[in-house]
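Join these two chains into a complex; the hints should help.
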Amino acid sequence: MTLRVRALAFLALIAVLATACAGSPTPGGGTGASAAPAAAKVAYGGTVTFAMNSDITDMDPMQSGLFVDRHLMYAMYDSLVRVTPKGDIIPWLAEKWTVSPDGKSYTFNLKTGVKYHDGSAFDAESVKWNLDRYRLTKDSRRTGELAPVDTVTVVDPATVKVDLKTPFAPFLSQLIDRSGMMVSRKAVEAGGADFTRKAFKAGTGPFILTEAVKDDHYTFEKNPDWWGKAANGDKLPYLDKVIIKPITDGSVRLTNVLTGQVQATNAITGKDVPSVKANPDFVYQEIAGLGYNSMYPNRSKGFLFEEGRYVKAVSIALDRDEILAKGPAQGVGTVGYGPIAPSHSAFDPNFKPFAKPDIAGAKKLVADVGKGPLKFEMLVSSGDAGTLQLAQLIQSQLAKADITMDIKTLLFNEIVKLQNDHKHTGLTLINWSGRTDPDGNVYDFVYTGRPNNNSAYSNKEVDKLLDDSRTATDNAKRKDLLLKAQQIFVVDDPALIWYSYQAAQLLTAKNVQGFAVFPDQLPRFETVSLKK
Amino acid sequence: MTQYILRRLLLMIPVAFLVTVGIFVLVRLAPGDPVLTYAGENNDPVTIAYIRAQLGLDQPLPIQYAAWLSKALQGDLGRSLQTKQRVVEAIGERLPATLELGAAAILISVVVALVVGTLSALKRNSVLDLVTTSVTLAGVSFPNFFLGLILILVFAFVVPGHLFPPGGYVAFVADPGDNLRRLVLPAITLATASLAVNMRQVRSSLIDVFGLDYMRTARAKGLHEGAVIARHALKNALIPVVTIIGIQIGAIIEGAFITETIFFWPGVGRLAVQAIPSQDYPIVQGVVLISALSFMFSTLLVDVLYAVLDPRISFGAAEA
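Each protein sequence line maps, in turn, to chains A and B.
Residue numbers for the first sequence follow numbering that gives the first Met the number 0, beginning at 0 and rising by one.
Residue numbers for the second sequence follow numbering that gives the first Met the number 0, beginning at 0 and rising by one.
Since the hints were derived computationally from the structure, they do not count as laboratory data.
By construction, the Cβ of each residue, glycine as well, lies at the ideal position given by its N, Cα and C atoms.
Mixed in with the good hints there might be a few duds.
Some chain B residues near chain A, calculated using beta-carbon distances under 7 angstroms [to be verified]:
(1) Ala38
(2) Gly39
(3) Asp43
(4) Tyr49
(5) Ile50
(6) Thr82
(7) Lys83
(8) His161
(9) Thr216
(10) His223
Restricting the straight-line Cα-Cα distance to at most 30 angstroms, the calculated cross-link-like pairs of lysine-lysine (DSBU-like) are [to be verified]:
(11) A:Lys240 - B:Lys83
(12) B:Lys83 - A:Lys185
(13) A:Lys197 - B:Lys70
(14) A:Lys114 - B:Lys83
(15) A:Lys221 - B:Lys70
(16) A:Lys164 - A:Lys103
(17) A:Lys127 - A:Lys221
(18) A:Lys476 - A:Lys459
Okay, chain B solo, but in the shape it has when bound (with noise of 0.2 angstroms):
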């Protein structure tokens, strides 16, 4: 397990590196001058040859990345262009709340999915059944920033007592309930396309694992229904449940671009929004592969969960 675990990091240098040529490449390759935006309202040309060739943006490109390169791995990403903040700084500060964004629609996801996905599996073709499939096709259908305004003005002006408020982020530290209050819409307009999904594909696991021998078995033994259900079929039917919520995690940077500018939710997806109409090339560089990153650890860790969940998964020797 180790040595694959070691093994799976090492491959992530050189995919890390693609990512990086990849992204150095494509966000120069989009039209536009970034120096003639930070000029703004001073378009004096001596100011703007001066001001790119004090970012190096005058320089060939392959000089431009081995600069780049260099100091990316000594941990050093650069500024950004339009704010000179370090690129290292910026995410950091946002990363926080990208966090506790993420964490809390993927928790409202997955407990709503299982709880849900495990009822409908039950009472297939119910109402209870139906009602869920429609919603969940609705969750899926419905754009997040479509709905992110909805529920912004449904608790504006429908719900009385401005119980949520329309946006903003307040520290966890500073205060907690706050805080609390002001993630609840955010975090139910980024779970719910996931939470469809997750729903779904809690709800015919289940459905594929009922069918199964071994839980005939469990049940001629006399367990009890909760147990079956619990112990023997939701361990084996959240193999694949895992997968997608592995994939949701490694997402989360991206999947709160909308949301984040929705509700002025100061994180890296709004940081992202921002810059890349401004072609501020070193804060996208930096996000893309913090996000790459996440994305690789994150399949990691589903891998890893894999043998925990069913140990007749297994890594390294037994293959060879």
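In isolation and in its complexed conformation, chain A is listed as follows (with noise of 0.2 angstroms):
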């Protein structure tokens, strides 16, 4: 009992703080607006086009189930919170926030006057039913996220009150992004079936689509009335109109860049980064990501890899840094270990268990096992050449620990469903978009029985440390708990291999400003204006 009532004042204690935190908006909420470089001042008008590397298949945030589909979200859709570069999580449609002493409650306080751009209001009401719509609706990709959520009531029109059906910490940083994205009621029940892809006039953010051709282009108009601002007190945004485009090929999407009908681009493939790096009329920005790349082992009962063993003496046997630097990455990105990514705030840079290969460790743990040489297959999508190079290069330097890995060829579709019925019988190359708190890419991968963990893995210790972390509101804790869970599913007994972490890119023409690049990869156009 007495640790329990410790707790609570704890948590009183963090929610005091966390409102105080949280309670002061910068003007206009768009801090962050404050990523744009201080310019003296800023040309208004203007188009820019954005090239992508593949399409979208959803605008609708409930259905969206693809990291691409977020390019689009973030111009048209307002979130209740948004994120900094740096990680921050920081008012937007939310002005402020409370916390209520058990972290089971969150009050949030609305921005007034702001109307989605087909003219219907954003209210408590809006919230309520777009928060209802994300976790109820059977066919939602959103459950998941919103999974902690209880009740949503409308306090007033301008506050909204979310309890949780358990303290969860990450509950915030769900809001971000499409969980946290207001649409439009009335857009919605408009387009029907047709509104994951004609989803027009549906939010409230900076750009308004107008246009939306499918395998081609997307056009989103300027919208005069968003309540955005600048660090610098301008109005937002600056650009008139953006096109966003989808360019499968690498070669097309950057020449389309060189040749100016697209001047910015967030997919640069590793090869071509030192050409544009040392190109004048351009700007090469490249942060630490939130994504990671990873290698999924079946450690099912009766498969190779049920022997934790195996697993620890294929990461130890690697050469990470010959994997960033010769396989297809090609240097972009980091050396990684784990899922927490270097712009998580649990991020440890001294975590560097297999800094070095040791070939000799591996030999001694396949031997310690005492079934023979160690021999499995690595599946590897068909028709993707950069990670069959990355399949070769394991390959060879997995050899050097006499651990042969044969490669298999299968269409993505099939490694997926194999993954997906714990069916692979060797390892499968996956790797990870990230999620602002390191909760979202660490839970769902590891706790037993969660849906996205497809090595099957389970450590009721790592489980409770999990947990524990969800409902720790002090971030310290968090971190201690996240990093002590993560030496034992990275070393100890490990769950999956980790190998190296994304990195966020973004090319932009000269005459281009104010494009922060952000961790998420994702591009943000209202800070965003041509130099005159």
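If you want it as structure tokens, here you go:
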């Protein structure tokens, strides 16, 4: 009991601190705008064309299941909260919020006078409708993220209260992205089944979607009534128009940038990075991302990698520096060992358990198992030359430790199915785009029985530490718990084999300014302008 | 003739039916589970089961097929699993771009093949003939994904002035000039392989015809060489060429798969390229059906054209 009382008192303190921190939105709420370099006089007008590396499948934040979809969403929708490039959660449509002492209740004070592009009002009713839609619709892709929500209550037109079933530390971070994006009920209901690809006038964001031609382009026009202001007081956005184009081929995408057809892109292949860095007509930005690159063993009963020592043998035999430098990344990104990425507040720069390949150690682990040499197959998606090259590099590294890795090429969908059914016999290569809160990179992947736990990993101690990290609202405590869990699921009893962290890139023409690169790799256009 | 056309049209029904059965089974034979792909980052088994039931993919195959066919007969080819767009609408939106690209490619291919093929036949074993034969061989051997990339790079970095943009599409009604500028490189890329075949066909057909008696007669009558070639030789030599071009028209949709992807040309080919790996069954079925129908209609058109080009060919009553 005493412990419980102490814990409650501690949570109350945290709640007070959280309230204090959250209660001071910047003018216009647009703290993200401060990412723009402080220019004396920024010109209004103009069009910027942005290239992404594949086409979107869904504009409805509720249905969207692909990373690429989010490229459009940040232009057209506002979320309740947003994140700075440094990872701090900032007020957005929610001007401030308070957290109850037990960490189970969040009260949001909303921005007033905001309208959706279709003219309908944004208010507490609208927030409730959106959150309930995301968490209660049967085929919603957001149910997992909002699972801890118990009820959403309208307190008054500008206040909404969200009660959680249990304290959930990453809750605010869930509202940064699709689960917190506010969509006009009128637009959703009018759009019907077509809303997923014709979400016209559906958001409150800085740009209004006016044209959507699948596989070709998406046109956004300036929302003249947007509420956001830049750090220098300028009304945002600056640009009149933004066009987003999907260009799948890396060389063609770059050629389009270099010839001025496109002014910005966030997908530059590793081999092209040195040349764009050296090109004085362009600005290349690269920061640590949130995503990671990893391999999934199948740790289910009866499969080879049920034996944790085998997983560890593979992990310690890898030369991660070489994979990063000579693999398809060509040095873009950083060497990594676990899912908590450098841009996460919980990142530990000293966590380098496999800094150098340990060939002798790997051989010893295999010998300790006592079942002869280790031999398995790696599943590689067909038609992907870069992944095949990566697999071959890993194959040659493991051969040094007498580990035989056969490469088997399958259709991507087949690999996904095998993994999901826990039927793959060896390893698969899987990347994760990452989430702002480390919980989004960890929990679903290593916690027993979670849907994305494709390696069928189960470790009670890890489960306990992760559960505790979700209810701990103190960041230092959370970090400690996450790092303790990471030590187990990376080193002591490995769940996955992580080998590198992704970078967030942005290549812009020299006349494009105010375009900040965010760890989540997604473009924000409200602060972008063209030099006159 | 009318009876013949009607009979051919009726025969298309069982063929189209067999095509739908074939493609329905084939796309489902591919390993993998489209629902998992669509669920994306949310792998929740309850959501996945719900989506599967909603899409009807939990039903036995014959029931799925019957449901699809009954709707297809009413002109509803279903909705894309991935984007939820109506298949008819998705194809309809992209068809103009594909037809424009295909028509431009065939136009380039036919005009160049006729001119160069005729010259080559007239000047057999000359330098011109050797050069065109070599270019033809190169055209057939050059994969169009490679040719497309080379053309993009050449016009982006070698030829000054960015005459032809490296891909993209602007509707003709929006900006005719820009539309045509963007059309040039993909049309050349798509035309090259068929151009080579057509050129060889024109050349060899003409050479065959040149040796025939009526050609000597025409010349003996004192006809101008130009008239001999245009009126007598070409008209007869064109029959096999028309056959090949007919097939090429039918193949516009699948011929453009790669070219449309390289030049991000928003046509039916690109739609299919995206739908196949993600097992978007309704889209793949729709594209294959439309493609099969276009083949059937183009072969019918070729047969009809035979009669126009050669009055000796007739259909129907005379055969009985």
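Item to complete: Sort out which numbered hints this structure fails and list those numbers smallest first.
Response: 9, 10 and 15
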